[in-house]
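When you get a sec, could you build the whole thing from the sequences and use the hints?
Chains as they are written, first to last, in this note's numbering: chain V, 1 to 303; chain X, 1 to 242.
Honestly, I wouldn't trust all of these hints.
No more than 20 Å apart at the CA atoms, straight line, and that leaves these computed lysine to any residue pairs for SDA-like [as the list claims (entries may be wrong)]:
#, chain 1, residue 1, chain 2, residue 2
1, X, Lys3, V, Glu30
2, X, Lys237, X, Glu97
3, X, Lys3, V, Gly33
4, X, Lys3, V, Phe275
5, V, Lys15, V, Lys207
6, X, Lys88, V, Ile281
7, X, Lys3, V, Ile281
8, X, Lys3, V, Asp36
9, X, Lys3, V, Asp273
10, X, Lys4, V, Ala32
11, X, Lys189, X, Thr222
12, X, Lys88, V, Gly33
13, X, Lys88, V, Ala282
14, X, Lys170, X, Gly157
15, V, Lys207, X, Glu66
16, X, Lys62, V, Arg205
17, X, Lys189, X, Glu144
18, X, Lys3, V, Pro278
19, X, Lys3, V, Arg180
20, X, Lys4, V, Asp34
21, V, Lys207, X, Gly67
22, X, Lys189, V, Lys207
23, V, Lys207, X, Met185
24, V, Lys207, X, Val64
25, V, Lys207, X, Glu204
26, X, Lys62, V, Asp202
27, X, Lys3, V, Ala282
Here are the computed distance ranges between Cβ atoms for each label pair [what the hints assert, rightly or not]:
#, chain 1, residue 1, chain 2, residue 2, range
28, X, Glu122, V, Ser6, 53 to 61 Å
29, V, Ala282, X, Lys24, 23 to 31 Å
30, X, Glu76, V, Cys302, 46 to 54 Å
31, X, Glu144, V, Ala204, 28 to 36 Å
32, X, Ala120, V, Glu290, 47 to 55 Å
33, V, Ser6, X, Val5, 29 to 37 Å
34, X, His198, V, Pro57, 23 to 31 Å
Derived from the structure by calculation, the hints contain no laboratory data. Remember, predicted model here, so these are calculated numbers, not experimental data. We treat Cβ as the ideally placed atom computed from N, Cα and C, and that holds for glycine.
As a plain string of letters, each chain reads:
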Amino acid sequence: MVKDLSVTLGGLRLKNPVIPASGTFGFGLELAGDMDLNVLGGISLKGTTREARFGNPTPRIADCTGGMINSVGLQNPGIDALVSEKVPALRKVYGGAVIANISGFSVEEYRECCAKADACEGIDLIEVNVSCPNVHGGGLAFGTSARAAAEVTAAVKSVCHKPVFIKLSPNVTDIVEIARACEDAGADGLTLVNTFLGMRIDIARRKPILANTMGGFSGPAIFPIALRMVYQVARACHIPVMGCGGVASARDVIEMMMAGATAVQVGAQNIRDPFACPQIIAQLPSVMEELHIDSLKDIKACI
Amino acid sequence: MQKKVYTIAGNRLVAADTYELRLKGEGPAGGEFIHLEIPGYFLRRPFSVCDTFKGGLSILYKVVGEGTRVLSTLPEGTPVNILAGLGKGFSASSCQENALLVGGGLGAAPLYLLAKELKAQEKHVSVVIGFNKADEIVLQKEFEALCDHVTITTLDGSVGIKGFVTDVLKATLLNYDYFYTCGPMIMMKGVCSMLSGHGEASLEERMGCGAGFCYGCTIQTTQGPRRVCKDGPVFKKEEIVW
Chain V
1 MVKDLSVTLG GLRLKNPVIP ASGTFGFGLE LAGDMDLNVL GGISLKGTTR EARFGNPTPR
61 IADCTGGMIN SVGLQNPGID ALVSEKVPAL RKVYGGAVIA NISGFSVEEY RECCAKADAC
121 EGIDLIEVNV SCPNVHGGGL AFGTSARAAA EVTAAVKSVC HKPVFIKLSP NVTDIVEIAR
181 ACEDAGADGL TLVNTFLGMR IDIARRKPIL ANTMGGFSGP AIFPIALRMV YQVARACHIP
241 VMGCGGVASA RDVIEMMMAG ATAVQVGAQN IRDPFACPQI IAQLPSVMEE LHIDSLKDIK
301 ACI
Chain X
1 MQKKVYTIAG NRLVAADTYE LRLKGEGPAG GEFIHLEIPG YFLRRPFSVC DTFKGGLSIL
61 YKVVGEGTRV LSTLPEGTPV NILAGLGKGF SASSCQENAL LVGGGLGAAP LYLLAKELKA
121 QEKHVSVVIG FNKADEIVLQ KEFEALCDHV TITTLDGSVG IKGFVTDVLK ATLLNYDYFY
181 TCGPMIMMKG VCSMLSGHGE ASLEERMGCG AGFCYGCTIQ TTQGPRRVCK DGPVFKKEEI
241 VW
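This is how it looks when you write it as structure tokens:
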């Protein structure tokens, strides 16, 4: 039997639920020459801010057991270059869901950038990053307080017509409280989770590996924690969840959906293997066959 | 970029803590470096291609941590997963007639592949390579068989000229119209500031994806932010901010 991989996310029909996570797939264009991007259900573009940013000094990357730490620090060309150059160029080669990922240092910056993303024809959905652990005074500061997350959500929703998903941080005491605050403030959906704040030390040099000392830990090691958070939030909220965190296989995708995710983002695995997403998508039908699943829509929050 | 499974055809100690890994596999590998998966480690490791031959390529690596230690234990016949065809390498055609290659330690590895290309273009190639001491020397015979003039330096003077490669550059009148350098950053900085002519340097940075989409290895250059893995690792002297 032909397997139905399609899902509906924020009113958009995705041919499958697999989406490269923001920051792990550039602006899509970087990989357009190496694979057929059109197999992807969606692409979450690299986190974008109002002004262009160089990001943090190198080293920005540290290898870890079961994953990696990054402290890229939101290197990006700025919102104007995103909407005028990156998205139109991607649209020439890609027909799936394009997700803009927006970060900011003030509520006003979030509002301004999201309004520009909302007005950009090629963008289908806006993901608001209130959870970047790698910039000071921005990002994460808005994602660790329910009040601040709700304030950003309400501000962005007031200027957007497209679906708005808030990307949440796992570096909090109670992620459900923050998820509920975003839902109450009008969010159309949630993405969770962003990376876990971590660090590594070069024990020979007696110095942190990362120039920024700390960074965001991601990879298969965080999968069970991310899965648990998706499960908790999906049960507590009525808006759709994009599950993210350590997903590395077709089985992980199915597990995330059973926990309550409507779509699934793949992050660190792309860094390890640029062809991870196409491979996962190719493997989904046979894993579905083995598990007697005809449509991925049937397994959402089925446990 | 191509993802391939190659097979280890040789993994032998060639100098102190330094191994030559020969990989067999089909296809045009090309590119400046390969991104190699080491069993048990999440991220791949980048290695400059030292030589290519029919049906494969070789790299040189030093055991500097757990990952490279594991790599050194892999026997012949082991399949390894690599990304090939990565990075922008040296531009042999930038040299008109006389090339000067300056290497430090394992920086000699990519310079060897470059020397072969320069010789294929019938250019005159002079090489200066520095090592700490005699037991760390690699590729000396290979360079001597291929190039027109080879100078070895060691810090302890056990082989060749005692001192740094920059001491040789200072003391010798070198006839070159273009230079190429690869080695420790401090050495390349010295080389680039000392040599007045045009040239290029191959930089090193901790990498994530190795293919230009994670922005983990971005450096500031005179032309703006550049990814070492994709826009480099080789940059023109004038582009580099030391």
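Structure-based check of each hint:
Between the alpha carbons of Lys3 of chain X and Glu30 of chain V the distance comes to roughly 16 Å, so the proposed pair stays at or under 20 Å and holds. For the hint linking Lys237 of chain X to Glu97 of chain X, the alpha-carbon distance of about 19 Å falls within 20 Å, and the restraint holds. The straight-line distance between the Cα atoms of Lys3 of chain X and Gly33 of chain V is roughly 13 Å, inside the 20 Å bound, and the hint therefore holds. Taking the CA atoms of Lys3 of chain X and Phe275 of chain V, the gap is near 8 Å; set against the 20 Å cutoff, the hint holds.
Between Lys15 of chain V and Lys207 of chain V, the direct Cα distance comes to roughly 46 Å. Violation of the 20 Å bound is thereby established for this hinted pair. Only pairs whose Cα atoms come within 20 Å are accepted, and Lys88 of chain X paired with Ile281 of chain V is rejected, the gap being roughly 31 Å. Between the alpha carbons of Lys3 of chain X and Ile281 of chain V the distance comes to roughly 17 Å, so the proposed pair stays at or under 20 Å and holds. A distance of roughly 15 Å separates the Cα atoms of Lys3 of chain X and Asp36 of chain V; the hinted pair therefore holds under the 20 Å criterion.
Using a Cα cut-off of 20 Å, the hinted pair Lys3 of chain X and Asp273 of chain V holds, with the two alpha carbons roughly 9 Å apart. Annotation: proposed proximity of Lys4 of chain X to Ala32 of chain V holds, straight-line Cα distance about 19 Å (limit 20 Å). For the hint linking Lys189 of chain X to Thr222 of chain X, the alpha-carbon distance of about 15 Å falls within 20 Å, and the restraint holds. A threshold of 20 Å between alpha carbons decides the hint, and for Lys88 of chain X with Gly33 of chain V the separation of about 16 Å falls inside it, so the pair holds.
The hinted pair formed by Lys88 of chain X and Ala282 of chain V fails the criterion: a straight-line CA distance of about 31 Å is larger than 20 Å. As the CA atoms of Lys170 of chain X and Gly157 of chain X are separated by approximately 17 Å, the hinted pair is consistent with the 20 Å bound. Proximity of Lys207 of chain V to Glu66 of chain X is assessed by CA-CA distance (about 17 Å); at most 20 Å being required, the pair is judged to hold. Taking the CA atoms of Lys62 of chain X and Arg205 of chain V, the gap is near 17 Å; set against the 20 Å cutoff, the hint holds.
Proposed proximity of Lys189 of chain X and Glu144 of chain X is contradicted: the alpha carbons are some 26 Å apart, above 20 Å. Simply put, Lys3 of chain X and Pro278 of chain V have alpha-carbon atoms about 13 Å apart, close enough for the 20 Å limit, and the pair holds. This hinted pair does not check out: Lys3 of chain X and Arg180 of chain V have alpha carbons roughly 43 Å apart, beyond 20 Å. Between Lys4 of chain X and Asp34 of chain V, the direct Cα distance comes to roughly 13 Å. Compliance with the 20 Å bound is thereby established for this hinted pair.
Taking the CA atoms of Lys207 of chain V and Gly67 of chain X, the gap is near 19 Å; set against the 20 Å cutoff, the hint holds. A distance of roughly 23 Å separates the Cα atoms of Lys189 of chain X and Lys207 of chain V; the hinted pair therefore is violated under the 20 Å criterion. Straight-line distance between C-alpha atoms of Lys207 of chain V and Met185 of chain X comes to about 19 Å, which keeps the hinted pair within the 20 Å bound. Annotation: proposed proximity of Lys207 of chain V to Val64 of chain X holds, straight-line Cα distance about 16 Å (limit 20 Å).
At most 20 Å may separate the alpha-carbon atoms for a hinted pair to count; Lys207 of chain V and Glu204 of chain X meet this at roughly 19 Å. Annotation: proposed proximity of Lys62 of chain X to Asp202 of chain V holds, straight-line Cα distance about 17 Å (limit 20 Å). Annotation: proposed proximity of Lys3 of chain X to Ala282 of chain V holds, straight-line Cα distance about 16 Å (limit 20 Å). The beta-carbon spacing between Glu122 of chain X and Ser6 of chain V, approximately 60 Å, falls within the hinted interval of 53 to 61 Å.
Taking 23 to 31 Å as the suggested C-beta distance range, the pair Ala282 of chain V and Lys24 of chain X conforms, at roughly 27 Å. Against the hinted window of 46 to 54 Å, the Cβ-Cβ separation of Glu76 of chain X and Cys302 of chain V comes to about 49 Å, which satisfies the hint. Between Glu144 of chain X and Ala204 of chain V, the C-beta spacing of about 34 Å keeps the proposed range 28 to 36 Å intact. Our hint of 47 to 55 Å for Ala120 of chain X and Glu290 of chain V holds, since their Cβ atoms are close to 53 Å apart.
A beta carbon spacing of about 33 Å between Ser6 of chain V and Val5 of chain X agrees with the range 29 to 37 Å that was offered as a hint. Under the hint 23 to 31 Å, the C-beta atoms of His198 of chain X and Pro57 of chain V, about 28 Å apart, fit the expected range.
The structure does not agree with the numbered hints 5, 6, 13, 17, 19, 22 stated previously, though it agrees with the rest.
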